[in-house]
Every structure is written in structure tokens, then in C-alpha cells.
Amino acid sequence: MHGHAGLAVSDTRNPDNKTATEIVDEIMANLVPGAIAIPAAVFELVRLQEMGYKLVVNH
Amino acid sequence: MDAKHEQKARGVGRRDALRRAAAATTAVAAGIALAGRPSGTARAHNMPLSEFQDAYEAAVNRPGLHYQLYQFPNIANATLWDNIRNGLNGSQFSYGEPSGSLRVVVQAYVTGNIATYNDAIWAKYQLGAKHNVTDPQTGQPATRNIFYPRKTTGGADLPISDPQSLVNDAGMVALMERGVVFLT
Chain A
1 MHGHAGLAVS DTRNPDNKTA TEIVDEIMAN LVPGAIAIPA AVFELVRLQE MGYKLVVNH
Chain B
1001 MDAKHEQKAR GVGRRDALRR AAAATTAVAA GIALAGRPSG TARAHNMPLS EFQDAYEAAV
1061 NRPGLHYQLY QFPNIANATL WDNIRNGLNG SQFSYGEPSG SLRVVVQAYV TGNIATYNDA
1121 IWAKYQLGAK HNVTDPQTGQ PATRNIFYPR KTTGGADLPI SDPQSLVNDA GMVALMERGV
1181 VFLT
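If you read the sequences in order, they're chains A and B.
Sequence positions in the first sequence follow the numbering used here and run 1 to 59.
Sequence positions in the second sequence follow the numbering used here and run 1001 to 1184.
Simulated from the structure, these hints should not be mistaken for lab results.
Being a predicted model, the structure only gives us computed values, none of them experimental.
All residues carry an ideal CB built from backbone N, CA and C; glycine is no exception.
Keep in mind that the hints are not guaranteed to be accurate.
[Unchecked claim] A few chain A residues that face chain B, going by a derived Cβ cut-off under 8 Å, partial list only:
id : residue
1  : H4
2  : D25
3  : H59
[As the list claims (entries may be wrong)] Label pairs and their in silico Cβ distance ranges:
id : chain 1 : residue 1 : chain 2 : residue 2 : range
4  : A       : E22       : B       : A1078     : 25 to 33 Å
5  : B       : A1076     : A       : G6        : 15 to 23 Å
6  : B       : R1150     : A       : H59       : 23 to 31 Å
7  : A       : D16       : B       : D1157     : 39 to 47 Å
8  : B       : P1098     : A       : D25       : 36 to 44 Å
9  : B       : N1061     : A       : H59       : 53 to 61 Å
10 : A       : D16       : B       : Y1095     : 44 to 52 Å
11 : A       : G3        : B       : N1061     : 27 to 35 Å
12 : A       : D25       : B       : S1099     : 36 to 44 Å
13 : A       : N17       : B       : N1061     : 39 to 47 Å
14 : B       : F1093     : A       : Q49       : 21 to 29 Å
15 : B       : V1173     : A       : V57       : 23 to 31 Å
[Stated by the list, open to error] Covered stretches of chain A, going by a simulated chain B footprint (3 or more residues, C-beta under 8 Å):
id : region
16 : 7–20
17 : 33–42
18 : 49–58
Please take these sequences and the hints and turn them into a complete structure.
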């Protein structure tokens, strides 16, 4: 999310001239219904496997 | 859910509780070991627990028979959607397991995250052009989230042989209706 916001600023896809932090806030307010924001996605892959979820090979 | 399935679901819950207890013990030990380190977390990683924990815990701790986790770092990975749908259908129709007993979590990150952004963000920040996502309705770079909407019109009551059945739909709305959780 922060990466997308930073890229929008750096490659001028930023019609309101927002800061990256402001764009992050905007994205957070515009997630699709039902999506759940969590703080650390890669770490979540470990936590969920420790909870019993099986990682699916998907490529 | 029949008795056998219920028992298995409860068993998973007990194992999970034991894992959590062990993890908590480890975390306490780690906290002691790291107590002297400075706190330098980036903003990306300092989302307060209160902002996500309740929804997160409710979503990932539902009882089930099987628990699947999809890693989704690349929006160009088109196999994801059919794989999720096919996994659900395999559980339900090939093995006769109850609907909702296969618990699925999709962890989006890097470019996969944009599948969880709504149409306003897609249009405003030109996500289709940036990430080479084409809208099949226009043949142009997507200015809407093409992954989110339903692709079929029917409910789960329609048989799998009906192309309009919910169970043949790999759009996010349909998958969420079947219990799939999208983390972003």
C-alpha cells in the first residue's frame, strides 16, 4: 500500500498532489467491502501457517 | 456440519489454542531478549492493534475442516482466482464436505494489494495502466477493479452445472460470499 502511494507520487499519477501518507490514508478509506487491512503482510504468511493454515502453491 | 466434521473442527481449535499458548510463551521470551533494542518501526508496520485485530481475529479463526492460505504478491497471477474457486468446489462437490468448511485466506501484498482497492482508487491513480491490467469490457487499461465484481448472476442454490451458479464465479464478491478472506 505504501509502495503504491509512493509510486503514485513519484511518477505523477497524483492529481490532488497529495503526499504518500495522504494517499495511503485515501486507499485505506477506499478498500473494497470485506477486505481486511493488516499491518505486515509477509509476516502474516508465517502467523497463519503457525495457526494451521496450509500455504498453497499458486503459480 | 455432521458430528465427524464438528469433532475435527473442534480438534483444530484445540491445536490452535496450544499453538497460541506456545507462541505467547515464545513472545514473552523474545520480549525480554529484545527489551533493550530501540523502537524504529516504519509507519507501514505500526498499524495499531485496535485498528484491525477484531476483524482479523474473527475472520481467520472461524472453525473449519481445512485451512488454506494463498500468497498473492503479483496482480498478474491470473491463476489465483480459479484456484480458489476450484479448491472450494473440490471440497464441496468432490469430497462432499459442507459448504464453508474449507477456510481460505488470501494474503495480498506488493501488486496483489491493488485487487483490494475500490474503483475510485483504480480510476484516480490509473492502476490498470501502471500494472498492465486490461479491462475485458473495453480492451483498455482498467480504470475499475475488474477482480472484484460478480461474474455470474445466480446463487449457490444453482447446481454447479449451471454456468450462472455462484459456485462457478471466481470474482472477489462471490468468493467472499463463500467465506474467502482477503487480507491486504
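Checklist entry - Of the hints stated earlier, which fail here? => result Violated: hints 2 and 9.
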